[in-house]
Amino acid sequence: MAAQSYESIQQNPKYRELVRQRSILGWTLAAITLIIYFGFILLIAYAPKFLGQPIGSGVMTIGIPIGVAVIVSAFILVGIYVLRANATYDSLTREIVEESH
Amino acid sequence: MRRLATLLASVLLAALPALAHAAEAIQGGTQQPTNWHAIAMFVLFVFLTLGITYWAAKRTKSAAQFYSAGGGITGFQNGIAIAGDYMSAASFLGISGLVYASGFDGLIYSVGFLVGWPIVTFLIAEPLRNLGKYTFADVASFRLGQTPIRILAACGALVTVAFYLIAQMVGAGKLIQVLFGLDYWIAVVIVGVLMITYVTFGGMLATTWVQIIKAVLLLSGATFMALAVLWKFGFSPEALFAKAVEVHPKHLAIMAPGALVSNPISAISLGLALIFGTAGLPHILMRFFTVPNARAARSSVFFATGFIGYFYILTFIIGFGAICLVSTNPEFLDAAVAAIKGPILGIKGGSNNMAAIYLADAVGGDLFLGFISAVAFATILAVVSGLALAGASAISHDLYANVFRRGQVNELEEMRVSKIATVCLGVLAIVLGIIFEKQNVAFMVGLAFCIAASCNFPVLLLSIYWRGLTTRGAFIGGFLGLISAVVMVVLSPAVWEVTMGHPKGSAPFPYENPALFSMAIAFFGIWLFSVTDRSRRGAEDRAGFDAQYVRCQTGIGAAKASAH
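So the sequence lines, in the order shown, correspond to chains A and B. Okay, so the first sequence: first residue is 1 according to this note's numbering, each after it adds one. Okay, so the second sequence: first residue is 102 according to this note's numbering, each after it adds one.
This is chain A alone, in the form it adopts within the complex:
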């Protein structure tokens, strides 16, 4: 890539918008993932009794739906990112690339 072309892209407000949006979404979702996961780990380390509480009268404990929910949340968070990225970032990127020619 020629030196002036990347500099001109950097000046493009659409590029700034793309970087801003993607950084906010990516790092926010990464932080949420880590909070959920380490929250789960800290519960296991410090409050195993809480996770071992039975739900209702059966043997099912709170820990099992919580564990499954952590797995499902990972999939949902990835889904949110992919939906947002497919809807916005690709078209924004295409416009930036076209304007740079």
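Honestly, I wouldn't trust all of these hints.
Claimed, not checked - Using 30 angstroms as the maximum straight-line C-alpha spacing, the simulated DSS-like pairs for lysine-lysine come out as follows:
id	chain 1	residue 1	chain 2	residue 2
1	B	442	A	49
2	B	520	B	442
3	B	234	A	14
The hints are simulated quantities; they were obtained by calculation from the structure and are not laboratory data.
Assemble the complex: chain A is given as a structure, and chain B must be docked to it using the hints.
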């Protein structure tokens, strides 16, 4: 093509006496029922995959096709292949075995293994595709000094691959010994030879399709097992858990976190290794170069996360199913051991890893047992092929082409070197697999994740996102992470006490997993040696950030998919 045919013939010739031997061992054996189904289905899998390799070999003429299947794999296909790379026999048999032995604790591992994927999606997948060509070292060395960073990345990749590969080879030998009645060394040789065949002739295209086929087989088999278990309990998880609590010697304790994670430091350290290790495994990172663009890279992780998460939920059901249906069935127990140690530890062969295999017999009979055994073998084959390809490209693309020849090398020569490297790695894997037969290698997968999290991941992440990173910082900090991870694992109880035989409690490093410390050392080292770097090279490294970041965000100038 003639060479391929010769090799095919020699593989089959090598396999024939082995199979005959297996038949003898099975007929004369006391433990396993005749496993002809398994052998027939495995031979079918081998023929199918060798056919694919033949097809792929005709299309693999350039370096781009060899390393990255020409970028022509779709996001969905790559998603299944990634899931396949990740659903190793260790995670299928290991995690269901862990659930079988201790219930809830198995879920902790599943969750940890899965949570790395969102991080890969949000921070790594798209930049990787936009900046790299064949290996993650392409990305790490994008604006930094080629020689030192390629050496560092290749070391990180090769050490990770080596430990992962040894663990897989030893696991393969032991598993096949039990499942097929083959001698340990014959099993290891068959795995090694098939792996070399897939990779040298078919490159990434064959490796990807072997992985896809195996992932589909494994997911179907696991789905059938989980459904069969649930069906036996009227599709009521509560009924399944109630029965498990009733028959398991630990009773209600299997429904809550147990002894596996007791120390918070160990728990956090393990969590870090699992999450960030995933984002630093070379054979996984390499998969992002097989798709045409960043959009496909992103969607491939979406599919992979879905399949892997689904698979881990299945292993949880399978583990509980095994508690109910395997530990209560004398056919699967060693009566003498079970009388003393209880039904869980009394499982035939003495390894929890067999729980899922016996469950297959319990729910689907001989034919399904054969299917699952063949799938377990296929799984190991597919995973070691991916590892071998990642290791070979670190040698040929990073060390040979870019360090030794300074980039002045033609494609065909680079490809030839990577094929030679694959053969050498395969032979080495066979030899190491045989040497480590009697060793406890359980720590090796953990070590591989730990090194990936402490060396590959920090260098990759900071090279993408931190302007201040310099060649000196990445080189010194990366090696500090690599060395500290290896040293701390050697000094930890798993190696110091279990493998090296020192007395219990004497390990100098008290925690099972050092990732918390070795990652901190790596990040601090990289930061310190970057900010204090006043060299001209350091100034160039920082100045190159803007151009790299534009390409990282927009993909302008990124490697294009080549025509097939």
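Status of each hint after checking the structure:
1. B/442 x A/49: holds, 27 angstroms
2. B/520 x B/442: Distance ~50 angstroms between residue 520 of chain B and residue 442 of chain B Cα, so the pair is violated.
3. B/234 x A/14: Holds, at about 27 angstroms.
In summary, the structure is inconsistent with hint 2 from the numbered list given earlier, while agreeing with all the others.
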